[in-house]
Each structure stands twice: as structure tokens, then as C-alpha cells.
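Given chain U, put chain Y with the ligands in place with the hints provided.
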Amino acid sequence: MISAFFRKKELKVRQEILKGIYEENLRIIGKKKGALLRQRTFSPNRLLLILCIAAIVVLAGGNYLDAPLLAEKQTAGGTVMRPLPSSAELPNPSDFKAFITNADVSVSRTFGLGVKTIMIDAGHGGVDSGTRGKMGTAEKDIALDIAKRLKSRLDKYGRFHVVMTRSEDVTLPLNKRVELAREAKADLFVSIHLNYLPSKPINIIETYYFGPSADSKTQELAEQENAGSQYGLGEFKEIIEKLGQKLKLQESRELAYSIQKNLFVNMEKENGNAYNFGVKRAPFVVLLGAEVPAVLAEVSCLSNRQEEKQLNTEAHRENIAHDLEAGILDYINKGEAGYGADRYAEKR
Amino acid sequence: MAQTDTRKKDDVLFVGIDLGTSRSSISAGNGKREWIESFVGWPKDFIALQVVGKPVLFGSEALQNRLSLDICRPLEHGVIKEGISRNDEAVKEIIRHLIELAGPASGQKIHAVVGVPADTLKVNKLAIRKAVTEFVHSLMVVTEPFAVAYGMNLLNNSMVIDIGAGTADFCIMHGSIPSEEDQKTVLTAGDYIDEQLFSYLSEKYPNSKFNKNMVRQFKEQYSFVRDTPDEIRVEIPVDGKPVMHDIKNEIRRACESILPALAETTAEMIARFDPEFQVKIKNNIVLAGGGSLIRGLREHLQDALKEYGPCKVSCVEDPLFAGSDGALKLAQDMPSKYWEPL
Ligand SMILES: Nc1ncnc2c1ncn2[C@@H]1O[C@H](COP(=O)(O)OP(=O)(O)O)[C@@H](O)[C@H]1O
Ligand SMILES: [Mg+2]
Ligand SMILES: [Zn+2]
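Here the protein sequences come in this chain order: U and Y.
When you line the first sequence up against the working numbering, it's residues 1 to 348, in that order.
When you line the second sequence up against the working numbering, it's residues 1001 to 1342, in that order.
The shape of chain U in the complex, shown without the other chains (with noise of 0.2 Å):
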């Protein structure tokens, strides 16, 4: 049958065919396949390379071929850098999602018992000058004036381990202050900013959490301090729906209100049009760093013709500089004088 021979001619064609790519794949892995293949991440020419340099130490007469040479690399110069970024060094997510998914962050750091990382983060830097007075003083000079002043008078205690995001007029993206706060695991940590209200002659002190905002201001001021990363506040309800369940986010409420209180009492004492505008909570980026607690101050307010006098006095911004300290200190002293978990309730 004419069929038949066909399909036993195509039969033949197959199995030719299939007995060919059989080969073809083992021409592509050089045949000793078991060898070559487990060498994961190594190109033909990386490997040639590493065989070169593991010849030279071969020949070099020692027994030094171990991996940690292998993994630097030598330079003319004799230094040794770091070897090129392989993906166990790059970023790695997991360590993010272990993060995000660890419940119980920091227990014992909720009531300032294990504070021994501190970060000033002075808003702004660089190209980014935050706010302006209407004299020309731009916010993120008079925040990082007030940032190293803070920082000097935790060090005079010898405890802590201050650290800055910034110590110059730097440009800082936010993602990176992120990072820093990060990296540093930083127990505790302070962003500086001031604000700045056109239409009222006042002066508003405030201090933010990390948390959803319904009023309209808060969002706008978010949607200003948030400028520097890519971050849009749609993106944020998720986040703040995470984080919410996830971090103990009173830790951060108790350390805003500690320091929103020692600003303002003695402010007040300076400036008549001082207004408190309390503790409240806002999507700023710059927060998410920190485990908790982590606050944003607006510590001063720019638009205010006598504070924007004051502020370019030393004794104005060495006074902010105490009270953020009396407010860090307030914190983490309450926690060790042994407040227990009935901090926790809501009390105000």
C-alpha cells in the first residue's frame, strides 16, 4: 500500500531526525557534558581565564589555590578589588522578603531597650533644597546644621552609634537614604525637615509616623518630601496596608510624640506663633528604612518670617538640636525605666 510505504519512509525520516538532535545537543556540551555543565555560571572565556590564573598559582609553586584567591581579582597596581558583581552579590530580595515577613521586628527595641544605632537624616542635600524662606535660608542647610548638632550631643553620651545619611551638601535620593538606614541597622532613626505654609504667618510644628493620611495637606506635604524617589502615593496604600500588619508601628507613634512634645514646649517659650499640630502620620519614603522607630520632624517652619530670623542663629538651631535630643532620650529612657507592654494602649 502506497500508505503505508509512505508512513514507513517517514517513520525513517523521524527517527533520523530525532537521532540527530540527540547529537546536535551533545555537540553543544562538548560531549563530556557531566564536566562542563556543573560549572554553573562560568562563560567559556571566564573559565579559560580562571583556568589561566589558576595555572599561574599552580606555577607559582604554591598550594594557594584555594577559592577565596580565585574569587579577587589581582589589579596592576597589587590592589585587590572586590570581584565583578555576581548575582550572590547583588541586591539580594530575599533578604527584603525576610524583612517585610518577619512579624516580630525588634521586640526588644520596641520600648528603646536595644537602641544603639542612631541615623540623623537631614532632609533634602545637593540639588534639592527643600523649602526657602522668603530671606533665601533653604531648608536642607538649616536641617543639616541642626543634624550635626544632634549628633554631637547623642555621641557626648557614648552609648550610641550615630550615624548620618548625609554630613555635606550632598544630593541623597531617598531610595538611597533607605538603603543607608538599612545597612547601617539603625535602631532609631530621625529625619530633619522644615515646613513651610505660604497663606499663614505661623509657625507649625509637627511630627510624622510612617502610616496612611486622609487630610488633603498631609498628602500634599508627602507628595512634596517624597519628590526625590519615583514612588507615587498610589503606591503606597499597599505598602502601608503591609507594613501595618506587619511592624509595630506604636514603637514609631511613641518616639514622634516624645519628640513632637519636647519641640513644642520650647518653642513655644520662643516663638508666640508657634502652633502644635501634633503627632500624625504620613507615606514619606525616607521612613521605610528603619525598622522602627522612625520619624520625620518638620521641626521649624520657613514661611514664618521670625523663626526664618531665628534659624540663622546658632543658639535657635543649637535649642532644636536639644530638644530632638530630650525627645530621643524621653523615648528610649521610658522604655528602660521598664514601661511595660501597657504602653501600648491607645492613651491619647
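Keep in mind that the hints were calculated from the coordinates and are not lab data.
Don't be surprised by glycine CBs; every beta carbon is placed ideally from N, CA and C.
Don't take every hint at face value.
Claimed, not checked - The list that follows gives simulated cross-link-like pairs (lysine-lysine, BS3-like), each with its CA atoms no further than 30 Å apart:
id: 1; chain 1: Y; residue 1: 1044; chain 2: U; residue 2: 9
id: 2; chain 1: U; residue 1: 176; chain 2: Y; residue 2: 1337
id: 3; chain 1: U; residue 1: 8; chain 2: Y; residue 2: 1329
id: 4; chain 1: Y; residue 1: 1092; chain 2: Y; residue 2: 1280
id: 5; chain 1: Y; residue 1: 1280; chain 2: U; residue 2: 12
id: 6; chain 1: U; residue 1: 19; chain 2: Y; residue 2: 1044
To be verified - Simulated DEER-style distance windows between Cβ atoms:
id: 7; chain 1: Y; residue 1: 1249; chain 2: U; residue 2: 220; range: 41 to 47 Å
id: 8; chain 1: U; residue 1: 3; chain 2: Y; residue 2: 1175; range: 15 to 21 Å
id: 9; chain 1: Y; residue 1: 1293; chain 2: U; residue 2: 3; range: 20 to 26 Å
id: 10; chain 1: U; residue 1: 219; chain 2: Y; residue 2: 1207; range: 27 to 33 Å
id: 11; chain 1: U; residue 1: 215; chain 2: Y; residue 2: 1217; range: 36 to 42 Å
Leaving out everything else, chain Y with the ligands in the frame of chain U:
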């Protein structure tokens, strides 16, 4: 004998994978067929991770979140750029994800045939194997148009033209495994049409706001060559307000921009054979890949090639899965002695 080999015990799951420049699909012996767009996205930083909530995203989900992600389209031009950015890793993620989608039973061994663009196989044979080996127990890599041909039983005197996104791949079958000369790749394919369309539209409507994605969607919805009675009008925002735009001519010009290279390459490849075979091949040309969906393309090619005698061009029925179905068939037909553990 192939017949007995296909009925293997269930401790092996055969899969055929089409690793495409824009879409990748898997067809599995358990009946599962799935596809994803060949994009991989990793959160750019810690914040991004919190925004998207996962360490790796694929396809359209990755594109939607592209502001937060490092996006990688590893086979964009048909070739893995090894060592550059995270292409190798992206290929791995795609394979891992596709196999997950196929849902192998626990403990089941996976024997895979992977179809890749012809140039990928030429340049990155090892890279592809390395990317896949972690996830399968045994593996064969073939070219994409060959997998299509095998699946459609076009083993002899035939030609497959797979018009994908990054590349159009040609493959002539003459009863044995195609050599490098039997295969050719050109870069005038789907992405090329998108670029043309984008520039034609930018020229004609300089004040309208559209992006590459929108343009691709217009193309996929309205693509045609030669003529169509339909009007083609789409909404594009101008100053934030949607405005209707006539894009018929631009669609046509863009789609037609790939025709010369297609016809020429086809004629050129066929010309290498004896006249007797030429006639046979010309009556057995099959178009595959997303580009085969362009209205009028089949007819155009057929007419263009008729210049040199009779000719018949047809299209695969299911361009999305033709490659992975063919690869699965290959896997199932492959004698078990050829499946060597890795
Ligand atoms: N209806 C259509 N008309 C024209 N082009 C299409 C159509 N549908 C899909 N495409 C295009 O086909 C290409 C994808 O084809 P595919 O075979 O999946 O590519 P690859 O194998 O390279 O991933 C894309 O450029 C896509 O825009
Ligand atoms: Mg394809
Ligand atoms: Zn600010």
C-alpha cells in the same frame, strides 16, 4: 521504537518550551498549556519590593509595575547577551516559572525540549543549556521554527517562517535535521513593525501622547497589509483628552515594511535547492509566530513568490502554542535512551 517510548511511566513529565523573544509558552504531557510574556522584572530597591510585594515578576504584571522594577527582556534580539545585566538570570526565571505553571507532580522527572530563536542556538548554545539545567532532569535544545515544523509533521520539503517579535526565523526541512544553512534569522519582525509604526505616528500626530506599548496594541488589533475595507481609528490622548485618530495608512505602511525582507529571504533560501525540490518546498510554506496573524500577509507572500512558479503558503492554527506543542511532540517521540540525565 518511538511508539513504545512515548508511553512512559508517569515518573517523567515531558514538556515542550518555546522560549520566545516576546512570549514564551509551555506545553506539557499532563495537558497543561501556559504562556507568559518574556519579561522579567526585579524590584529596583527595598521600597520597590514593598510596592510590588514579590521578588520577581513576569510578563504583563512586570510591565504594569515597570517603574518599580529592573525589567529585562533577555532574548530581545534573539540572542542572550551573556554576562550583561541580568539576562542569564532572567532566562532562568522564565524557565522556572513556566515549569511551575505546568505543575509537575512532586517527584516527577522533567524531560524538556526547548525551542529558541535560531540565532540564540548559534551563539548561546551553552548559555541556554545552563539556564535550563537547574530545573529539568534531561534536556534538548532545538531551534524554534524546527520545533514548529516537527509538530506539524513538516519533515520533508517544507519551509517554516516563524515571525516573532525580535526575529523572524526561517527553516527549510528536507528530511533531516536542518543545518545552519537551512536556517536564517532576520530582525525585521514584530518589534520592527512597532518601531516603524511609532515613528510614523509621531510624525503624523506630534501632539498626541502614545507609547511603545499602546502602539503595539494598535498593531495587534488592526494589523494588515495590502488593503482592508475597515476604517482604523483609535483613541489617543491629546492634552489629556482622548481624541480619535485615523491610523489606517500608518498601520499598513508599518506592517508592509517587513514584506521585502520576508519575500527576499524566502526566495533566496529556496533558490539554493534543485528546481525539483524548489517546487515542492514552495508548495509547503507555513507561517508561524505572532506575525502570521497580520491580515493579508499569507496572500501577499504567496503572490510575491508566484513570480517563480506555483506556490502555497498557509498559517499555523495556534501561533502562540505551535512552537511549544511541536517541542512537546519531539520530547514525547524521543527514544528514552537519548534522555541522558544531566
Ligand atoms: N494580530 C497580530 N498582528 C500583528 N502582530 C501580532 C499580532 N499578534 C501578535 N503580534 C506580534 O507578534 C509578536 C510576538 O510573536 P511571538 O511568536 O510570540 O514572538 P516570539 O516568539 O519572538 O516571542 C509581537 O511582536 C506581537 O506584537
Ligand atoms: Mg516564537
Ligand atoms: Zn523637607
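Broken hints, by number
1, 2, 4, 6, 9
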